[in-house]
Amino acid sequence: NAGVTQTPKFQVLKTGQSMTLQCAQDMNHNSMYWYRQDPGMGLRLIYYSASEGTTDKGEVPNGYNVSRLNKREFSLRLESAAPSQTSVYFCASSGVTGLYGYTFGSGTRLTVV
Amino acid sequence: QKEVEQNSGPLSVPEGAIASLNCTYSDRVSQSFFWYRQYSGKSPELIMSIYSNGDKEDGRFTAQLNKASQYVSLLIRDSQPSDSATYLCAVVEETSYDKVIFGPGTSLSVIP
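So the protein lines, in turn, are chains A and B.
In this text, residue positions in the first sequence follow our numbering: the first is 1387, and each later residue adds one.
In this text, residue positions in the second sequence follow our numbering: the first is 1040, and each later residue adds one.
Do not rely on the hints blindly, as some may be mistaken.
As the list claims (entries may be wrong) - No more than 16 angstroms apart at the CA atoms, straight line, and that leaves these computed lysine to aspartate or glutamate pairs for EDC-like:
1. A:Lys-1457 with A:Glu-1438
2. B:Lys-1081 with A:Glu-1445
3. B:Lys-1138 with A:Glu-1445
4. B:Lys-1106 with B:Glu-1044
5. B:Lys-1106 with B:Asp-1094
6. B:Lys-1138 with A:Asp-1424
7. B:Lys-1106 with B:Glu-1054
8. A:Lys-1457 with A:Asp-1412
9. B:Lys-1106 with B:Asp-1066
Hints are computed from structural coordinates only; laboratory data are not their basis.
The whole structure should be built from the sequences, with the hints applied where relevant.
Printed below as a string of structure tokens:
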């Protein structure tokens, strides 16, 4: 099925551990995004990639790194997890820019203890 | 920082009624506006986009845009229990990468 695939769906980490969230889309979209969603805070942009080979910081990039591996894949890495990074993470993609709306992945629920 | 504001709710309406969801935004140059529906524990799903002043209808959904008042709304006619969800308003801030700013969402509950 066409869309945005995220893995894993759930993860529990201990403080200081690292992990990579994977995202892949098969819609031939140029732009990809990582958001986090927290109660009362809404969706906040962590990093985005406007096209293959480029990445830029969003609103809340501290503690995260990203890699646009190719046109399909955009990964998010937590190098040293902190409890403040407990959140639901969504990957999204769009055709050219954000002007036509996003398609979201199913999300990753991350808990850092 | 541009802002998008919504009433957090919860908004409760009886089945069959019209649900009205409102959103205001601070960026006067925004040209693209969206409504996403998010069921509990699921990801946001794009349900409406609107780019010009006036109304846009799609089935039971109508989006209304008034750029002068910086106001966008979503009407859901003949509300069904399956419409119970959080509705996110999103506005494009026309930067170099067309940044999308999301509102905090309005929780809608349709009572059978």
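Unmet hints by their number, sorted upward, for this structure: Checked against the structure, the hints that fail are numbers 2, 6 and 7, while the rest are satisfied.
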